[in-house]
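Go by the hints and put chain P onto chain R.
There are 2 protein chains.
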Amino acid sequence: MLLTPRQEEIAEIVKKFQPITGEEIAKKLSLTRSALRTDFSVLTSKGILKSKTRVGYQYEGKSEKKYIKEIMGEVVSVDSNISVYDTILKMFLKDVGTIFITENKSLTGIVSRKDLLKIAIGNTDITKVPISIIMTRMPNIIYCEEHEEIIVGVRKIINHQIDSLPVVKVTEHKNKKSYKLVGRVTKTNITKLFLEYFDK
Amino acid sequence: MLLTPRQEEIAEIVKKFQPITGEEIAKKLSLTRSALRTDFSVLTSKGILKSKTRVGYQYEGKSEKKYIKEIMGEVVSVDSNISVYDTILKMFLKDVGTIFITENKSLTGIVSRKDLLKIAIGNTDITKVPISIIMTRMPNIIYCEEHEEIIVGVRKIINHQIDSLPVVKVTEHKNKKSYKLVGRVTKTNITKLFLEYFDK
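Those protein sequences? They're chains R and P, same order as listed. For the first sequence, full-length UniProt numbering assigns the number 1 to the initial residue and increments by one for each residue that follows. For the second sequence, full-length UniProt numbering assigns the number 1 to the initial residue and increments by one for each residue that follows.
Just chain R, same shape as in the assembly:
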């Protein structure tokens, strides 16, 4: 995500032809080796390439992930007529902090542990209340799509103070939008990515 197009091209070349010398990479790009000096130092300092004396560059596998698709986790959802109590059970079973709610397989709502805790301490019989009563409803749900850049998702998480961002495929039929759930992005995903980038 921090690479220039040329640096990404170099990384791709090394991935394909490793081990490969700087000279050979420069040749493939019709450039001189010295013109690429900065790119090589950025790529090695980021742990994407490794330079071995008398061998050349090797791909270190620490590629920079770029799209939501590459980091998103499994969808955890319930149908909108399920009770609050059963939603809480599902939340414990799947050990997630947020549950998505669907109607006809389209995302229609979202609830967090906070929402559930709030109703659980009230005087309501939570086995009788359907989750649809307390959920945050479309169009008030912030979502993202899997081809968007990770940083777009991170911005949404921080700016809207949300824990779990649904990843959807939006389709339209007779002027009615449908949001098919394909994944979720959480602060845990981002924290893991942070560790992946910076832990040496």
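Bear in mind the hints are in silico, worked out from the structure with no lab data behind them. We put the beta carbon where it would ideally sit given N, CA and C, even for glycine. A few of these clues could be false.
Unchecked claim - Computed list of chain R residues with no C-beta within reach of chain P, every gap over 10 Å:
| no. | residue |
| --- | --- |
| 1 | GLU60 |
| 2 | LYS118 |
| 3 | LYS192 |
What the hints assert, rightly or not - Pairs of lysine to aspartate or glutamate, EDC-like flavour, derived with a Cα cap of 16 Å:
| no. | chain 1 | residue 1 | chain 2 | residue 2 |
| --- | --- | --- | --- | --- |
| 4 | P | LYS156 | R | ASP199 |
| 5 | R | LYS65 | P | ASP199 |
| 6 | P | LYS156 | R | GLU196 |
| 7 | R | LYS66 | R | GLU148 |
Using the frame of chain R, we list chain P on its own:
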């Protein structure tokens, strides 16, 4: 956190003497400008320095934060004899996901929304149960100290699957350890830091 000692030194020089040319920086380090070429390109590509034609390098303020102290948030804690119900109220009031519990101003326990939700849906009168009954207790609490590197905290958060890491000052008196709370580090802090590093 990704800088070499020399790059950190350059950043410090620019912070102090900006605007300053590459030539002048090299002189201060008793090196040639060309020997620093890689360092300059790394520092500008990370947004730490900005190079202005005919002016020199300026410090962009996007320094890499290094220690827990620089990112930790406010402590939110309750005393151990407070009820589960009142702890939940405090959690809503402060809008946090985890509450720390103290005895004689020393950290003795921790509870998450998950723990509270679990007891809230049971058949317990949560206004009568003290929080100490359900909290996770020392020595089973993972904590960190403010002078530790951020990455150490991130590792603990991921490896132990925790949401909120207490930051403490440990003192010892007559063979008894005391943990004074000074802050907390959450996945939100790390996600914000991620945004700070990568959002251009």
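Taking the hints in turn, this is what the structure says about them:
Annotated as non-interface, GLU60 of chain R keeps its C-beta farther than 10 Å from every C-beta of chain P; the closest such distance is 14 Å. With 10 Å as the threshold on Cβ separation, the claim that LYS118 of chain R sits away from chain P is violated: the shortest Cβ distance comes to roughly 7 Å. LYS192 of chain R, annotated as away from the interface, has a beta carbon of chain P within 10 Å; the closest lies near 6 Å. Only pairs whose Cα atoms come within 16 Å are accepted, and LYS156 of chain P paired with ASP199 of chain R is accepted, the gap being roughly 12 Å.
A hinted pair counts as satisfied when its Cα atoms are at most 16 Å apart, and LYS65 of chain R with ASP199 of chain P qualifies at roughly 14 Å. At most 16 Å may separate the alpha-carbon atoms for a hinted pair to count; LYS156 of chain P and GLU196 of chain R meet this at roughly 14 Å. For the hint pairing LYS66 of chain R with GLU148 of chain R, the CA-to-CA distance comes to about 8 Å; that is within 16 Å, so the pair holds.
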